[in-house]
Amino acid sequence: DTGVSQNPRHKITKRGQNVTFRCDPISEHNRLYWYRQTLGQGPEFLTYFQNEAQLEKSRLLSDRFSAERPKGSFSTLEIQRTEQGDSAMYLCASSTGTEIEFFGPGTRLTVL
Amino acid sequence: GESVGLHLPTLSVQEGDNSIINCAYSNSASDYFIWYKQESGKGPQFIIDIRSNMDKRQGQRVTVLLNKTVKHLSLQIAATQPGDSAVYFCAELLPGSARQLTFGSGTQLTVLP
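Chains as they are written, first to last, in my numbering: chain A, -2 to 109; chain B, 146 to 258.
Next up, chain A with everything else stripped away, as it sits in the complex:
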C-alpha cells in the first residue's frame, strides 16, 4: 500500500497522559499536514511541514501539542497532558507541488 499510513489507528488514554501519533506520508511527498476532526465536523487544519520545516501552525495547536518531521519523511504529533477535549480523529495528509492532499486513515484518540 503506497498511501498515507498512520499509527496507531486507535488510542485510549487517561486524562493527563502524553500520547504520540505517527504519520508516514506518500513517498516523495514533500508537504505534510496534520488535521483534527471531531464528530460531525469537517477536518480542521493544525499544522504544515514542507520537508522538515514546520511552516505554519493553527491557533488550534495549543502549547501542549508539538509536531516534528525530523528527516522530512515521517512525522509525529505529540499531545502532552491530554484533556477530554482532545478526543478526536487526528488526520495526516501529504501532497507534492499539486494541491491535492491525500489523507491517511487517521488516529482516533479517546481521552477518559
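Hint data in this document are derived by calculation from the structure and do not stem from the laboratory.
Note that the Cβ used here is the ideal one computed from N, Cα and C, for glycine as well.
Hints may contain errors.
[Unchecked claim] The list that follows gives simulated cross-link-like pairs (lysine-lysine, DSSO-like), each with its CA atoms no further than 27 angstroms apart:
1. Lys201(B) x Lys54(A)
2. Lys68(A) x Lys8(A)
3. Lys201(B) x Lys213(B)
4. Lys8(A) x Lys187(B)
5. Lys11(A) x Lys187(B)
6. Lys11(A) x Lys54(A)
7. Lys216(B) x Lys201(B)
8. Lys54(A) x Lys68(A)
9. Lys11(A) x Lys68(A)
[To be verified] One-sided excerpt, in silico: chain B residues whose CB lies under 8 angstroms from chain A:
10. Tyr177
11. Ile179
12. Phe191
13. Arg244
14. Leu246
15. Phe248
[To be verified] Coverage of chain B stretches by chain A, computed from C-beta distances (three or more under 8 angstroms per stretch; other residues unrestricted):
16. 183 to 190
17. 201 to 207
18. 232 to 238
Given the structure of chain A, go ahead and fit chain B onto it with the hints provided.
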C-alpha cells in the same frame, strides 16, 4: 447546507437516481476546491477538484459546478450506488504559502435500495 453541532445535513436518494450535494464556501479569494468522500472510520478520499477559473468539471459519474458569484459548489453524482453512501465534504484552498484546506460542513448521503 449548514451543519449545527453534531447534526449533519442529510440526503437520501434511491439507488440509480442522481444526487446533488451543495456546499457554500467562505473565502472569495480561494482559488481551488476539492470534494472529498469520507466513509465511517476512514480518512477523507479525494473525488474531484476544480480551479476557480472553471465553472464545471466532470469525472467518472461525478460533476462539480462552481458558482463564484454566490460562493457555491455542488457535486452531482450520476446513477448513485450503495457504495456512494458516505459523508461528503467540500474544501477550499486558501491562497498563501501553507495552502491548507478549509473544509465546509459535510453532508451525509444515504443510498436507499
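Hints versus structure:
no.: 1; hint: Lys201(B) x Lys54(A); verdict: violated (33 angstroms)
no.: 2; hint: Lys68(A) x Lys8(A); verdict: holds (25 angstroms)
no.: 3; hint: Lys201(B) x Lys213(B); verdict: holds (11 angstroms)
no.: 4; hint: Lys8(A) x Lys187(B); verdict: holds (15 angstroms)
no.: 5; hint: Lys11(A) x Lys187(B); verdict: holds (24 angstroms)
no.: 6; hint: Lys11(A) x Lys54(A); verdict: holds (26 angstroms)
no.: 7; hint: Lys216(B) x Lys201(B); verdict: holds (14 angstroms)
no.: 8; hint: Lys54(A) x Lys68(A); verdict: holds (19 angstroms)
no.: 9; hint: Lys11(A) x Lys68(A); verdict: violated (31 angstroms)
no.: 10; hint: Tyr177; verdict: holds (5 angstroms)
no.: 11; hint: Ile179; verdict: holds (7 angstroms)
no.: 12; hint: Phe191; verdict: holds (6 angstroms)
no.: 13; hint: Arg244; verdict: holds (6 angstroms)
no.: 14; hint: Leu246; verdict: holds (6 angstroms)
no.: 15; hint: Phe248; verdict: holds (3 angstroms)
no.: 16; hint: 183 to 190; verdict: holds (count 5)
no.: 17; hint: 201 to 207; verdict: violated (count 0)
no.: 18; hint: 232 to 238; verdict: holds (count 3)
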